[in-house]
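Below are the chains, spelled out letter by letter.
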Amino acid sequence: MALHNPLRRTAATITNSTTTSMLLSSTPQTTGPSTAAATFICSQCRHATLLRRPKRPYTFTQLITLSDGSTFTHRTTSPAPVYRTTRDTRNSLQWNPSSNKLRGLEDDEAGRLAAFRARFGRSWDAAAAPPSAIAADPKDPVAQKAAEEAAKAQEQAAQEEEDNLLDLISSFGQEEASSGKKKKD
Amino acid sequence: MAAREPSRYMARALPRALGSTARPQGIACRRFASDEAPARRLSSQMDELETASSLEGTVSEDVAKSFDPVAQANSRKTQLPRSRYQFRSPKYYRGPLHPHQPPPPSDPSSRVFVPGPFSSPRAQQTYTSTIAQDILALCYVHNPPGFKPPPKAPRLREWDDSPPTIRTGPSVDRVVERITIHSHVKGAIKENSSWLHVAGMAIQTISNVKVTTYKSKTSVPSWGVVPGRDTCAVKAELQGENMYHFLGKLIDVVLPRIKDWPGIKGSSGDSSGNITFGLAPESVAMFPEIEVNYDMYPPKMIPGCHITLHTTAKADKDAQLLLSALGLPFYGKMIN
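Chains as they are written, first to last, in the numbering used here: chain A, 1 to 185; chain B, 1001 to 1336.
FYI, nobody ran anything at the bench for these hints, they're computed from the structure.
Since we're looking at a predicted model, the values are computed, not measured.
Note that the Cβ used here is the ideal one computed from N, Cα and C, for glycine as well.
One thing to keep in mind: the hints can contain errors.
[As the list claims (entries may be wrong)] Here are the computed lysine to aspartate or glutamate pairs in the DMTMM-like style, where the Cα-Cα straight-line distance is at most 20 angstroms: (1) B:1333 / B:1282; (2) B:1091 / B:1068; (3) A:101 / B:1241; (4) A:55 / B:1230; (5) B:1210 / B:1191; (6) A:152 / A:109; (7) A:55 / B:1107; (8) B:1235 / B:1282; (9) B:1314 / B:1173; (10) A:55 / B:1061; (11) B:1186 / B:1173; (12) B:1314 / B:1230.
[As the list claims (entries may be wrong)] Heads up, incomplete: computed chain A residues facing chain B, CB under 8 angstroms, no partners named: (13) 53; (14) 75; (15) 81; (16) 164; (17) 167; (18) 169; (19) 171.
[As the list claims (entries may be wrong)] What follows is a set of in silico ranges between Cβ atoms, one per label pair, in the way DEER data are often shown: (20) A:49 / B:1064: 46 to 56 angstroms; (21) A:55 / B:1073: 18 to 28 angstroms; (22) B:1134 / A:102: 44 to 54 angstroms; (23) B:1104 / A:55: 55 to 65 angstroms; (24) A:108 / B:1173: 47 to 57 angstroms; (25) B:1306 / A:54: 17 to 27 angstroms; (26) B:1118 / A:94: 53 to 63 angstroms; (27) B:1266 / A:96: 34 to 44 angstroms; (28) A:79 / B:1098: 51 to 61 angstroms; (29) B:1118 / A:84: 18 to 28 angstroms.
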């Protein structure tokens, strides 16, 4: 009976004198199983809880560069030392709801941008009629007149703007020259 | 070890077997019949005891002079083995009465010691320097003396016995306590465990925390889920430093990149200050850690996940206030 149950067997050796005498005789028959019986290997038992070492993945320090140039470091499992974001809280509409730039709108109160486009490119954008003209009802003569006037004014303003720009370009060298003369005098 | 065991017992059993009954009478005042049983007999142990005390004896002069531990240490050519000078925690905890106790987890020699924190995360700095005071002021409820707020029915039943966590009073600060990232992996049930391995690695990579797997507790016949058999979920619990790093990364880098993300739904909350939202697999793939090594993951196996933000706030309203201050947008009707 004792041979079949290894854990009981060791307990029996302490109390039972008959097994002691068996050990004393130390025949090869008994030593074989007794050595096997004496090993106390228990993977997990109630009276001994294994203290497991906590496993943590290796982390690196990474520098995150946000789209507006601000940076901060954090610990990640990613081995890349620097991470540049293309879209983050600084340039997403969800976090900047009041930004016209991100909404795709431009504030062009004086119409200067439109005038520039009419002259130098993106004509598909500038060719569209101004919003006031579109809004005007063609049946209403007063509104039509007002729209025409507005368009004229717009055109005139664009012409003036153009002239101003041309003036700026043409007068660029001369002013400098004149100031140089003055200095000489 | 195995060879030594029988000899040890033999040494103890030998005098008994040979029948030495020399037992000094009068050492124990009371005697019982069971004391005479061979297992209880103390005679051999009593014989082994020394009568002389070690404190009484005098040390001779030359022995005292020859004792020079410093010289002995200097004369040693090699360093002592580590086991001679370093405490080593036991591998097993064997109960409070065991003589060899493991040190507390905060001790560096403990087996369960986790070093850190090594950095002060940006989100935490933002919280302590700017948000905490504002939240405290915004959530302050003033009860003038003599005013009694109308009694409110408790959401959860009272705990009658001594509480498992003792709190001195209601906490006033609203902090993000911990973050749970949970991912239900359908493929692990239907196909094989590779889905689970990929999901576990992905969640570990984005969270810096090792994941634990979970088996289903309930049966869902339409999904083919059998309780207790299928491992169907992966979870990571973030606390402290890891949590703040994850939160900062999520808010600043990942969420803005999600196309047409409206924010967290105003009604997402368990009415005691814990708010959950989900991320689709495409969004999980946008984390910088996964992006940098995207080829490692089979594209169809990248998991989606649910992120639960556990706050110390008692109501969802306070939690929403805290999280929106940290930079998480909410949309829709706010439900407390």
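TODO: Could you tell me which of the hints above the structure violates, numbers in ascending order?
DONE: Hints 1, 2, 3, 4, 5, 10, 11, 12, 15, 16, 17, 18, 19, 21, 22, 23, 26, 27 and 28 not satisfied by this model.
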